[in-house]
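Visitor: With chain F fixed as given, assemble chains R and B onto it according to the hints.
This is what each chain is made of:
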Amino acid sequence: MALLEVKNLGISFGGLRAVDNVNFDIEKGQLYGLIGPNGAGKTTVFNLLTGVYRPTDGTIKLGGIDIVGKSPSEICQAGIARTFQNIRLFKKMSVLDNVKTALHNQIRYSLVTGFFHLPAYFKAEREMDEKAMEILRVFDLDGQADYLASNLPYGKQRKLEIARGLATNPKLLLLDEPAAGMNPNETAELMETIRLVRDRYQITILLIEHDMKLVSGICEKILVLNFGTELAAGAPEEVLNNPEVITAYLGE
Amino acid sequence: MESIIEQFINGLRSGSIYALIALGYTMVYGIAKMINFAHGDIIMVGAYTLYVTTVRLKMPVIPAVLFTVAVCAVLGIIIEKVAYKPLRNAPALAVLITAIGMSFLLESVALLIFNANPITFKSIITIDSVSIGGVTVSGITIVTLVVTLICMVSLTLFITKTKAGSAMRAVSEDRAAAELMGINVNRTISMTFAVGSALAAVAGIMFVCQYQSIKPMLGAIPGLKAFVAAVLGGIGSVPGAMLGGMLLGVIESISKAYISTELSDAIVFGVLVLVLLIKPSGLLGRNRIEKV
Amino acid sequence: MSKAMKENGEYKNNFVNKKNIITAAVIIGVYILIVVLTEGGVLNRQAKSLLVPIGINIILAVSLNLVTGFLGELSLGHAGFMAIGAYTGAIFTIYANMPEFAEFLLGILLGGIAAAVFGFLIGVPVLRLKGDYLAIVTLGFGEIIRSIVNFMGITGGAMGLKQIPRYSNYTWTYIIMVITLLFITNLVNSRYGRIIRSIRDNYIAAESIGIKVSRYKTMAFVIAAFFAGVAGVLYGHNLSIVKPGDFDYNKSIEILVIVVLGGMGSVKGSVIAAVILTILPEMLRATDDFRMFLYAVVLIAMMLFNSSGFRTRLEESGKLPKLSLPVKLKAK
Numbered sequence: 001m002a003l004l005e006v007k008n009l010g011i012s013f014g015g016l017r018a019v020d021n022v023n024f025d026i027e028k029g030q031l032y033g034l035i036g037p038n039g040a041g042k043t044t045v046f047n048l049l050t051g052v053y054r055p056t057d058g059t060i061k062l063g064g065i066d067i068v069g070k071s072p073s074e075i076c077q078a079g080i081a082r083t084f085q086n087i088r089l090f091k092k093m094s095v096l097d098n099v100k101t102a103l104h105n106q107i108r109y110s111l112v113t114g115f116f117h118l119p120a121y122f123k124a125e126r127e128m129d130e131k132a133m134e135i136l137r138v139f140d141l142d143g144q145a146d147y148l149a150s151n152l153p154y155g156k157q158r159k160l161e162i163a164r165g166l167a168t169n170p171k172l173l174l175l176d177e178p179a180a181g182m183n184p185n186e187t188a189e190l191m192e193t194i195r196l197v198r199d200r201y202q203i204t205i206l207l208i209e210h211d212m213k214l215v216s217g218i219c220e221k222i223l224v225l226n227f228g229t230e231l232a233a234g235a236p237e238e239v240l241n242n243p244e245v246i247t248a249y250l251g252e
Numbered sequence: 001m002e003s004i005i006e007q008f009i010n011g012l013r014s015g016s017i018y019a020l021i022a023l024g025y026t027m028v029y030g031i032a033k034m035i036n037f038a039h040g041d042i043i044m045v046g047a048y049t050l051y052v053t054t055v056r057l058k059m060p061v062i063p064a065v066l067f068t069v070a071v072c073a074v075l076g077i078i079i080e081k082v083a084y085k086p087l088r089n090a091p092a093l094a095v096l097i098t099a100i101g102m103s104f105l106l107e108s109v110a111l112l113i114f115n116a117n118p119i120t121f122k123s124i125i126t127i128d129s130v131s132i133g134g135v136t137v138s139g140i141t142i143v144t145l146v147v148t149l150i151c152m153v154s155l156t157l158f159i160t161k162t163k164a165g166s167a168m169r170a171v172s173e174d175r176a177a178a179e180l181m182g183i184n185v186n187r188t189i190s191m192t193f194a195v196g197s198a199l200a201a202v203a204g205i206m207f208v209c210q211y212q213s214i215k216p217m218l219g220a221i222p223g224l225k226a227f228v229a230a231v232l233g234g235i236g237s238v239p240g241a242m243l244g245g246m247l248l249g250v251i252e253s254i255s256k257a258y259i260s261t262e263l264s265d266a267i268v269f270g271v272l273v274l275v276l277l278i279k280p281s282g283l284l285g286r287n288r289i290e291k292v
Numbered sequence: 001m002s003k004a005m006k007e008n009g010e011y012k013n014n015f016v017n018k019k020n021i022i023t024a025a026v027i028i029g030v031y032i033l034i035v036v037l038t039e040g041g042v043l044n045r046q047a048k049s050l051l052v053p054i055g056i057n058i059i060l061a062v063s064l065n066l067v068t069g070f071l072g073e074l075s076l077g078h079a080g081f082m083a084i085g086a087y088t089g090a091i092f093t094i095y096a097n098m099p100e101f102a103e104f105l106l107g108i109l110l111g112g113i114a115a116a117v118f119g120f121l122i123g124v125p126v127l128r129l130k131g132d133y134l135a136i137v138t139l140g141f142g143e144i145i146r147s148i149v150n151f152m153g154i155t156g157g158a159m160g161l162k163q164i165p166r167y168s169n170y171t172w173t174y175i176i177m178v179i180t181l182l183f184i185t186n187l188v189n190s191r192y193g194r195i196i197r198s199i200r201d202n203y204i205a206a207e208s209i210g211i212k213v214s215r216y217k218t219m220a221f222v223i224a225a226f227f228a229g230v231a232g233v234l235y236g237h238n239l240s241i242v243k244p245g246d247f248d249y250n251k252s253i254e255i256l257v258i259v260v261l262g263g264m265g266s267v268k269g270s271v272i273a274a275v276i277l278t279i280l281p282e283m284l285r286a287t288d289d290f291r292m293f294l295y296a297v298v299l300i301a302m303m304l305f306n307s308s309g310f311r312t313r314l315e316e317s318g319k320l321p322k323l324s325l326p327v328k329l330k331a332k
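Chains as they are written, first to last, in this note's numbering: chain F, 1 to 252; chain R, 1 to 292; chain B, 1 to 332.
Hints in this document: simulated from the structure, not taken from any laboratory. Everything numeric in this text was worked out from a predicted model, so none of it was measured. Don't take every hint at face value.
What the hints assert, rightly or not - Okay, the calculated bits of chain F under chain B, using three or more residues with CB under 8 angstroms as the criterion:
#1 32 to 38
#2 88 to 94
#3 111 to 122
#4 162 to 169
All C-beta atoms, glycine included, are put in the ideal place defined by N, C-alpha and C.
Isolated chain F, as found in the complex (with noise of 0.2 angstroms):
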């Protein structure tokens, strides 16, 4: 069974069809990649996995179970991390926080301990810490984790955004253009940085690309949008080689 299963997965709004009839499954451990040219619907996808919008057909399984209709926590305790085109970070908190914050479905502690800091609350604490660090210490962010988020530079941020996504210990993480404005080198130390942790936490990625040579080089399998439907999908070599492929990235 594959842990992703999307079956005709449409939505509209009011007149305008954004996705229709889209369909792929992904293996666990795989590292998908979803491109398509701009406005081809690739972020209404992600916002419909992620309970952000809801489906107006179709169904999403995560490992047997349909998740349309959950809330977007909901679906982050059920096991999709994300991350956003336009990074969303919690840009007054320090990047130690930042990755703190997505460990609060695993660490707890009660309200009580909160409020008086009874000993449970420093072990827990101290818990987070090592393991927000560890993260931090995967994408090189190590030594700015007293910096407030805001104060990171542009790539920086992308990778903490990606760190905090992964500290919610998820299934599938899901990254939208996490090389966007990023220059050759950062990208491709980032997409090595990527396949490392698909084998270290031995999750499933699923990821956005404008790029289609930088997203053959790393993912697997491949499936291209189209003005919200699929144009082809399979691996890498394949799809690349697609004539309608070519026709909607150059154009006629």
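Guide: Structure of chains R and B alone, referenced to chain F:
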């Protein structure tokens, strides 16, 4: 039956005053995205100006009214330039607190000049009341309704038909884009404050002619109610402010007459809360959705 | 290794640590200092009469800061919760027949709980609204509470509720203020505080990491209402009379002004601003009608100074200590 019609008409009268004030709130909110808490106090300034011009300076009614409206319009512009313009990029809360400070300032200046004792003011409107089939409508009510109607029609024409009006709509839609299109944003904002304050002056004149007493805190309660009216109708929406004001006046008048004077405020606010819970952007307001 | 981790690792490990011992010493020290000053006659009667109001305003400001500064939602109905606390506590102590200590303590708890219950009932529906809309609805609820109190018989209506025992004194106020400060600071520095701040910074991102935003918004709102209620009980038992007019929206605004001037999300700032803004009007009392004028001018000037970018420039050039930022920036 006659009495309920009378209460309804009374409601329309106070509703007209709320609507005139609410227009200022809503226009300023639309264009500057701020709650101008000092707006209610413009009514008070208008009332005192009218008193000084007609009673102290013995000016004839028409020039006195025009002078009052002009004073308030200029005051509106000055307030914006001095207190709000430097904060255009500041957090909304900072602007709100400054506006509250401005409200205190206007009240305290009035307190220093005229002291806290209410001044009795004889209405400048001397039209007799009219009875139609057992329903009596006072002269002031007729004048208030007519004046409000004129103001609303001219405002609507101004906003939809004139160049300055379309500049105002453009700035409230998207300030940056309007600026790029060559609209003078500063002048447009000034004009919005001037128009809003002028309408508040008219409201102030109607208000004192009705209640015939002037004190420094006079603007606070009608200001607050008018603000509620603006939110009720959908803040940022001009027809919304008109509708909200009228609705609020009628609800208030009916509940005062048939339920309880003490609870009328609770009922008014209760209606507001109810409307916002059902339609968070107010009756005629547009829903803005944050893009993810 | 990060600074926060060092603190946890080295001494924040235990309840009894260096930081807590210093805090305890400061708390006791300030208390004794003020007792010495009043007993020694350094503080005159007028100054002494301000001690309880200062404490009350600190409780009000710090609790409102939880909603406005840390959660990032504008509430203009804080005085409404204060009213519920004041009336509940006062009615209890007037009718109960118990030893003073137990009666007042119970009254304070009941006042806080009643306000918290209303905070929950109001918070659940209205916290769906945001920004200015939430502000006006909370203001509306504050006014509804006030006019219902005005209407009811047991509250004494517009004439006010009289003959409340004068239980509030410096010691009671100080202890409750310290408890409030400790609870709120501890809360803000816990997983709950992080969740609340994350909602302020970006609620969509907060949802995306599994936070049930409305639950925690309500939690912050209810906690703030509880402490506002407690402050209300202290208020009623200080003046011995409460009137609905004491809790109108001007009171809510007064508290908000303290929070904003002290700095959003700064507990320390709230405390300092509460002290200054309670003393300032009293010092200006001699100037009579000028008082409100000066207050208004100071308020506008402070806001222009704080928010037009002038203060930030001064802070960045190091000429002014930073108050308003929850986390100190490291030099890059």
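Visitor: According to a criterion of three or more residues whose C-beta lies within less than 8 angstroms of a C-beta of chain B, is the segment 88 to 94 of chain F covered?
Guide: holds (count 7)
Visitor: Examine the segment 111 to 122 of chain F: at least three residues should have C-beta closer than 8 angstroms to a C-beta of chain B.
Guide: With 10 residues close enough to chain B, the hint holds.
Visitor: Examine the segment 32 to 38 of chain F for residues whose CB is less than 8 angstroms from any CB of chain B, and state whether their number is three or more.
Guide: violated (count 0)
Visitor: Verify this for me: three or more residues of the segment 162 to 169 of chain F with a beta carbon less than 8 angstroms from a beta carbon of chain B.
Guide: Coverage by chain B holds for the segment 162 to 169 of chain F (4 residues, Cβ < 8 angstroms).
Consistency note: the structure conflicts with earlier hint 1 alone.
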